[in-house]
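Participant: Sequence:
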Amino acid sequence: MWIVMGLGNPGEEYVKTRHNLGFQCVSELARRNNLSFSEKIAKSRVAVGTIGGQRVALAKPFTYMNVIGQAAVGLCQWYKV
1 MWIVMGLGNP GEEYVKTRHN LGFQCVSELA RRNNLSFSEK IAKSRVAVGT IGGQRVALAK
61 PFTYMNVIGQ AAVGLCQWYK V
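The numbering used here puts the first residue of the sequence shown at 1, with every later residue one more than the last.
Watch out, some of these pointers could steer you wrong.
Said to hold, decoys possible - In silico lysine-lysine, DSSO-like type, Cα no more than 27 Å apart, as pairs:
| # | residue 1 | residue 2 |
| --- | --- | --- |
| 1 | Lys43 | Lys80 |
| 2 | Lys40 | Lys16 |
| 3 | Lys16 | Lys43 |
| 4 | Lys40 | Lys80 |
Unchecked claim - Beta-carbon label-pair distances, calculated as ranges:
| # | residue 1 | residue 2 | range |
| --- | --- | --- | --- |
| 5 | Val67 | Arg32 | 28 to 34 Å |
| 6 | Gly11 | Thr50 | 28 to 34 Å |
| 7 | Glu12 | Thr50 | 28 to 34 Å |
| 8 | His19 | Cys76 | 21 to 27 Å |
| 9 | Leu21 | Thr50 | 20 to 26 Å |
| 10 | Phe62 | Asn33 | 19 to 25 Å |
Because the hints were derived from the structure by calculation, they are not lab data.
Note that beta-carbon positions come from the ideal geometry of N, C-alpha and C, so glycine has one too.
Start from the sequences, fold in the hints, and give me the full structure.
Facilitator: Have a look at this one:
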């Protein structure tokens with residue numbers, strides 16, 4: 001299992017800004033691989049599926065950048081990686 005976390009900040013004021021480039025990248029990965037962000041795990045919206053034969057979890061954390069570690073640690077514990 002791979003976790004790909006797109007970094008960004010929550011909130012409408014950050015949508016389509018350089019602060020959310022990570023969110024845009026994982027959203028594009030999800031779109032290209034027919035995955036949807038349907039799960040909420042460890043302070044993140046998550047899309048789980050297979051990309052290139054590998055199981056992946058694409059994540060967009062609900063936390064701000066300065067506390068992104070909370071979501072990262074939670075996802076690693078949830079998926080045991």
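Participant: None of the hints should be skipped; say for each whether it holds.
Facilitator: Quick rundown of the hints versus the structure:
no., hint, in the structure
1, Lys43 x Lys80, "16 Å, holds"
2, Lys40 x Lys16, "22 Å, holds"
3, Lys16 x Lys43, "21 Å, holds"
4, Lys40 x Lys80, "16 Å, holds"
5, Val67 x Arg32: 28 to 34 Å, "29 Å, holds"
6, Gly11 x Thr50: 28 to 34 Å, "31 Å, holds"
7, Glu12 x Thr50: 28 to 34 Å, "32 Å, holds"
8, His19 x Cys76: 21 to 27 Å, "23 Å, holds"
9, Leu21 x Thr50: 20 to 26 Å, "24 Å, holds"
10, Phe62 x Asn33: 19 to 25 Å, "22 Å, holds"
In summary, the structure agrees with every hint in the numbered list given earlier.
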